[in-house]
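Between the sequences and the hints, there should be enough to build the whole structure, so can you do that?
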Amino acid sequence: MTIQFNPTDGPAARPWLTAFWQTLASPIDSFLEDRILSANLYEIRFDGAAAGLAAVYGESTLTLLHLAPPFQRHSQPIFAAARRLESVREALVASGDEHFLALVLESARRSEPGAYFFQQVPDVAVAAPAGYALRPAGPADEALIRQHSDDFFEPLAPALARGDLFLGYQTDELVAIGVAERSQLAPDHASIGMFVLAERRRQGHGTATIQALIAHCRASGLTPIAGCYYYNHNSKKTLEKAGMYSKTRLFKAQL
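As numbered in my numbering, the sequence shown has no gaps in its residue numbers, which increase by one up to the final residue, 255.
Source of the hints: derived by calculation from the structure; they are not laboratory data.
Don't take every hint at face value.
Claimed, not checked - Beta-carbon label-pair distances, calculated as ranges:
(1) Y245 with T18: 49 to 57 Å
(2) V124 with Q4: 47 to 55 Å
(3) H233 with D34: 37 to 45 Å
(4) Y231 with R84: 29 to 37 Å
(5) L85 with P11: 16 to 24 Å
(6) Q22 with L174: 38 to 46 Å
(7) A133 with Q76: 23 to 31 Å
(8) A143 with E112: 34 to 42 Å
(9) Y231 with D34: 27 to 35 Å
(10) L105 with T18: 22 to 30 Å
(11) D34 with T223: 16 to 24 Å
(12) P136 with G58: 28 to 36 Å
(13) A198 with P136: 20 to 28 Å
As the list claims (entries may be wrong) - The calculated lysine-lysine pairs, modelled on BS3-like cross-linking and capped at a C-alpha distance of 27 Å, are:
(14) K237 with K252
(15) K237 with K247
(16) K247 with K236
(17) K252 with K236
Beta carbons are placed, not taken as given, at the ideal position from N, Cα and C, and that holds for glycine.
Right, dumping it as C-alpha cells:
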C-alpha cells in the first residue's frame, strides 16, 4: 500500500472540488471555501491511482480531505498520512462533510465549534423599517465604506469590482453595508452578510439588510447561505430573524 500527495493547483483540482461540494450534506460559506481554495492542494494517489484531494491552509491546518468512493475504505491510513503533510496540527471541518468529520473527531485531542453555517427558510417575511432601501455599491463608494466599516470587507476593491457589496439606507442616511459573495465552488450559491453602523444597531437594519440580500439572491437565481462566528450571538439572532437557520457547524480540532 503506497499513499502519495502530489502538489496540484486550482484548475487541475477542479473536478475534485466539484465532487467534494456534491457530497456535502449542507453547503459551506465563503470563510471555509477561502481556506480551501487558498490552501496548498494535494492530489492523493493510492497505489498509483488518483484517489482524492487534500488541502493544507497556512502550513498547519487541514481544511479538506476528500476521497472518491472506491478509496473511502482506506480513509484512516490516508488521513494518518495527511496529518504528516507540512506542519499539520489542526483541522477545520464542517459538520456537513460527514466523512472528513468522522476522521477528524476520532483522532482529535480537542475540538470546539467555531462558526454556524446558515441556509434560508423559504418564504419567511420580515417587515423592514419604514424607508429602508438597499442599493448596489460601486468603486466610487470605496472611501465611504472604508470610513464606516474599517477593514471589515477587505480586500475591498475587488469586492466592489465584482459587484458583491450593497449600501443600506434609512431614507437618506447610510445605516448598513451588505455583501453577497458568489461561491467559487458552486456558482449558484452566494454567501451573504452585513455590517450595521454602530449607532444604528438594534433597530432592525441588520435583519432588513439580510432580507434584502436574500431577495437579491432569489432574483439573481442564487441560493443564499451565510455564516457567523459561533459566539457572535447578535449576528446569529439577526440571521434567524431574517429567515435563516443553521443545521451545520464549523469545528476546529487539535490533532
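Against the structure, the hints come out as follows:
1. Y245 with T18: 49 to 57 Å: Check failed, 26 Å falls outside 49 to 57 Å.
2. V124 with Q4: 47 to 55 Å: holds (49 Å)
3. H233 with D34: 37 to 45 Å: Distance hint for H233, D34 is violated at roughly 24 Å.
4. Y231 with R84: 29 to 37 Å: holds (32 Å)
5. L85 with P11: 16 to 24 Å: Holds, since L85 and P11 (Cβ atoms, about 21 Å apart) stay within the stated range.
6. Q22 with L174: 38 to 46 Å: holds (40 Å)
7. A133 with Q76: 23 to 31 Å: violated (54 Å)
8. A143 with E112: 34 to 42 Å: holds (39 Å)
9. Y231 with D34: 27 to 35 Å: violated (20 Å)
10. L105 with T18: 22 to 30 Å: holds (26 Å)
11. D34 with T223: 16 to 24 Å: Given a distance of about 18 Å, which is inside 16 to 24 Å, the answer is holds.
12. P136 with G58: 28 to 36 Å: This hint holds: roughly 33 Å between Cβ atoms.
13. A198 with P136: 20 to 28 Å: holds (23 Å)
14. K237 with K252: Cα-Cα ~22 Å, so holds.
15. K237 with K247: Judged against 27 Å, a Cα distance of about 14 Å means the pair holds.
16. K247 with K236: Distance ~12 Å between K247 and K236 Cα, so the pair holds.
17. K252 with K236: Since the Cα atoms of K252 and K236 sit roughly 19 Å apart, the hinted pair holds (cutoff 27 Å).
When the structure is compared with the earlier hints, violations turn up for hints 1, 3, 7 and 9 and for no others.
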